[in-house]
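Peer 1: Bring the two chains, given one by one in their own frames, into a single complex with the hints.
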Amino acid sequence: MSNEATEAFARPRRPHADKRPASIGPTELDWAPGWANRTISGVGDFLDFALRAVALIPHALRSYPSEVFRYAGVLIRGSSLVVLFMLFNLGLEAGLLADTQFRPLGITSLNGAAVSVAIFRGCVQVLLGWVIAAKIGCGLVTEIGAMRINEEVDALEVMGMNPISYLVSTRIMAVVIVSPGLIIMGYWMSFWGPWLVDVPFLGSTSDGAFWNYLFALQNLTDFIIVTIWAVSSIALPTLIGAYFGYTAKGGPVGVGENTAKSMLISMATVSVIATIIIQLAYGVDANSPIGN
Amino acid sequence: MGVIVTSEQVQRPRTAAQRRNPYGGTTSAVVARMPGPTRNFLVEVGGMLALLGRVLVVTAKHPAEILRPTLDYSYVTLRRCWFPVTVALGGFIVFLSVAALVFFDQLGAVGIYPPVIMRVCIESFTVWAVALVLAGIVGASLTSELGARRVRDELDALYVIGVDPVRELVAPRVLTAIALTTLMSFPAVALSLLTTQLAGAYYASESSAEFYHYVFDNLAPMEMFLAALNCLIAGVIIGTVCAYKGMNAGGGSEGLGKAVNQAVVVSFVALWMTQTLYTGITQGIFDLGRFR
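If you're matching them up, the sequences are chains V and C in order.
Note that my numbering gives residue 746 to position 212 of the first sequence, counting from 1, and the numbers run on in steps of one.
Note that my numbering gives residue 185 to position 117 of the second sequence, counting from 1, and the numbers run on in steps of one.
Chain C extracted, bound-state conformation (with noise of 0.2 Å):
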């Protein structure tokens, strides 16, 4: 446990406003004449980013104190999950190579394989598989334990005696989703580029030496760079998402696991949303798709 601070510091009210009723302001009036289900998705919203920005400011105030359980949670997570996102993007890199292939075989154009399906893969699917396969490992891991300290009434604990929670446990483990789901962009791109490779040398005979070649040439250090972006803004996405599902659990084993339930879903949706929004926009700003 890092420096202990009183219950007061934890929940101090910031304005005077505050202070009077916490809820007591426009946005507040606003959203709570709102009907049933925007209303919830809008306090849902709200209160995600506010638990990202609390994460955001405990961090930048005690970077020291936060970096060391950062990077223990983050070496057990990667030793838990490296091998299911292997399998997971393998073989979902293996069937995208084999599809194309057939496709560029056919008509006679195998030539354009290889920059074609690298630079789909690092755009979208790469980034996609990861963060989804991310999401649903780390993620749900993340939820189940904040989840399972707030069933048991553990958060509370730590307020009584004066620790922050989100302090102790939040901000090392959404740090960790963060930091986790964008230095995995780099082993991932590097492992669909192998298989997607290998997929080539096997189903089309095409040489290491060609395959490589039309990759290098078509290829920009923009797309990597985006797609670390990517992967970025998909990381910020489960560590908030679940780490916000899990504060808020509630009701038992049930309440546990619906929370974990939920916490993949929305992220899932999330993903889904930025991940079409983000390829559109980037898409039309660069224009990454000329061949040389």
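Chain V on its own, in the form it takes in the complex (with noise of 0.2 Å):
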């Protein structure tokens, strides 16, 4: 055979190079500095691996509805119990604050509206943000990361199941399924927490007026922005980990090193995001009924 017929019918080495548009461009910046191309990629390979996730989840319910359900017992079991007392002892602590500040000023009957004000709007979500973080998001990573260093995730890859969809979506939607119960509750621990030192530990705002002040305070619109951002605090921390476990490498010290990064971005994601949210809804109306 000749040459100029091997060249003809011989595969080309990259089939789309001279058909990808011109604005795309170079996947690298060469411009760039190491580290912010290695955090433009990380961002994208996220984006991409959760956008996937999110995308399967109609699958997953489909395919693996009792993987969905067996998860959300874990969380049910294992998790809440950890979230759920941490958000009351916020509530003490903010109780114990808002008395401090308040009873030199001689209003301890408004401890409730400053509960309302600053735990029900903020502290609650953001602390939230981080115990889910450190607990599911960090466990995630770790459960997901294990089976990566197993190498059992390309072993449902061979067996012709979607990993994605089956480790991953699955947890989400199970995250989806119990964090409006988690989040009601939450809100109900952080107000009872207040409660119990201000009216009965020490004395200083009279039942009804503590009551009358946290319900005064806060409407539907409240509940209804403080609820998306929650489960936006809730639901970024899990996509996050994982990423990370999904994307382990390196034996245990990557398992190690990529739970330490997911907790690490976790928390930074959870501050961002309340900057945010707090500066679309609150930072020009403040939705309270106080002069108005």
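Since the hints were made in silico from the structure, they are not lab data.
Ideal Cβ placement from N, Cα and C applies to all residues, glycine included.
Careful: at least some of the hints might be erroneous.
Unchecked claim - Below, a sample of chain C positions facing chain V; criterion: calculated Cβ distance under 10 Å: (1) ARG148; (2) PRO255; (3) GLY320.
Unchecked claim - Between beta-carbon pairs, the in silico distance windows are: (4) C:SER273 - V:PHE580: 51 to 57 Å; (5) V:TRP745 - C:LEU251: 41 to 47 Å; (6) C:SER273 - V:ASP579: 42 to 48 Å; (7) V:LEU615 - C:MET102: 17 to 23 Å; (8) V:GLN813 - C:LEU251: 29 to 35 Å.
Said to hold, decoys possible - Chain V regions said to be covered by chain C (calculated; three or more residues, Cβ under 8 Å): (9) 628 to 638; (10) 665 to 677.
Peer 2: Next up, the structure:
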């Protein structure tokens, strides 16, 4: 066979190289420093992973419903008590601080209002996000990362199962099922904590005044905003944990490092979300009845 | 590596009772008869206290040898964690400021916003946020480093060649966690001061002169001392819990991941409980809430 014929029938090495539109350009920014390239490609990888995981939720519900409910049960049994206890503790602290700040001013009857404004609209969501990052996010890195290191994820693919659907989408769906109940019980605990400190222990507020001001400074709009906020504070650490578990490599050390990394990124992300949402929701309009 | 000790020196039994049977004392007999969860809890707490004690003894015996690796490790850790800590803490304080501003603006009392928010920050929330973020970042990486060495049997190898791992590996890391958390309280309080002032200027058009006047008129040096002491306690908890969990990790990558997860969750719970107790006790003793 002549040389020309070989060239004509040879498969091109990069078949789509010339078909790529010019606007996309190179995937690496040559002029940017290394950390910027790493950050951008890491965020891109994460978004790709997260979108695929969310898009596969219907597939997961159709194919592996038992896995969804099994993991929901694991969350309720293993994590919800810790989360609720933490929020109760946050409430105790908030009641104590509100009392120490308001007692010299003589407005301890407004303790419930402080809880409603500061704790219900922010502290609960951020601390919930941090606890979820520690308990559920780290747990996911551990679980999925160990499977990745032991090549069980590859084994799933060999058996013809979609590992993202089976391992990640099912868990995200379980978190979505569990989180509304968890959030509402969390609010409830964070209201009873300050009540316990302010009404029976310190006696600075009457029972009626506490509940009156607590519910006077919140309405349905608040509830919708903070619940959306709380769901996003729960969902993002979960997705970040699943991503770092799924991309673990390099033996046990890699899993340990990825666990620490997921913790770091989740905590910063939850704080950044808090800053953005408080600006969007309460930056201009306070949505409270005093003086209006 | 520092001075080499023999493995007999490292594991030498201290008393005659220990020589006969290390778990033969009255305390061990009482603990052994406890129900399962209580026994596990007591054994873990005892192990943590024993590890902390050994770290302190080793440090007191060889301060010069431990100082150098502690400084090196602190530098590495600080380089890794300064940015996430800043983002997480800044975001947390921003939404807290906005919530407080909304509340006091509606009451028509923006004048008491500066002292109240700074007191709340110094007494509780800044310290709390710093402790939680450092537990998530420094603690998790500490556990994963020590745990990876445990899982790969490197700690046993150190024993075999006659090097004390507590002295060479654990003590510098625990001391780093303690020192970093304590020293971090000062820049963290400075960051909260700046953030709350900027939030006041941006959302309520409060002049910076007025803000700083009210803040420094109403704060006492004792509050900063108490915040640093609070951070010291938090650092001891983070260092001890995470080092203990790392030293007792087991079972490959899954065991290591579980150890990191448990370390973060246990230190979170311990930090929140001590925080509430500490705030209650210091507020009761010092009566810091008075306005001038």
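Peer 1: Could you run down the list of hints and mark each one as holding or not?
Peer 2: Consistency of the hints with the structure:
Proximity of C:ARG148 to chain V holds as hinted, the smallest CB-CB distance being about 8 Å (cut-off 10 Å). Taking 10 Å as the C-beta contact cut-off toward chain V, the hint placing C:PRO255 at the interface is violated, the least distance being around 17 Å. Given hint, C:GLY320 at the interface with chain V, holds; its Cβ is 6 Å from that chain's nearest Cβ, closer than 10 Å. Separated by about 39 Å at the C-beta atoms, C:SER273 and V:PHE580 break the suggested range of 51 to 57 Å.
At roughly 43 Å, the beta-carbon separation of V:TRP745 and C:LEU251 lies within the given 41 to 47 Å, and the hint holds. For the hinted restraint 42 to 48 Å between C:SER273 and V:ASP579, the CB-CB distance of approximately 43 Å keeps it satisfied. Separated by about 21 Å at the C-beta atoms, V:LEU615 and C:MET102 satisfy the suggested range of 17 to 23 Å. The beta-carbon spacing between V:GLN813 and C:LEU251, approximately 31 Å, falls within the hinted interval of 29 to 35 Å.
Evaluation of the coverage hint for the segment 628 to 638 of chain V: fulfilled, as 6 residues show C-beta separations to chain C shorter than 8 Å, against a requirement of three. For the segment 665 to 677 of chain V, the stated coverage by chain C holds: 9 residues have a C-beta nearer than 8 Å to a C-beta of that chain, and at least 3 were required.
When held up to the earlier numbered hints, the structure conflicts with 2, 4 and fits the remainder.
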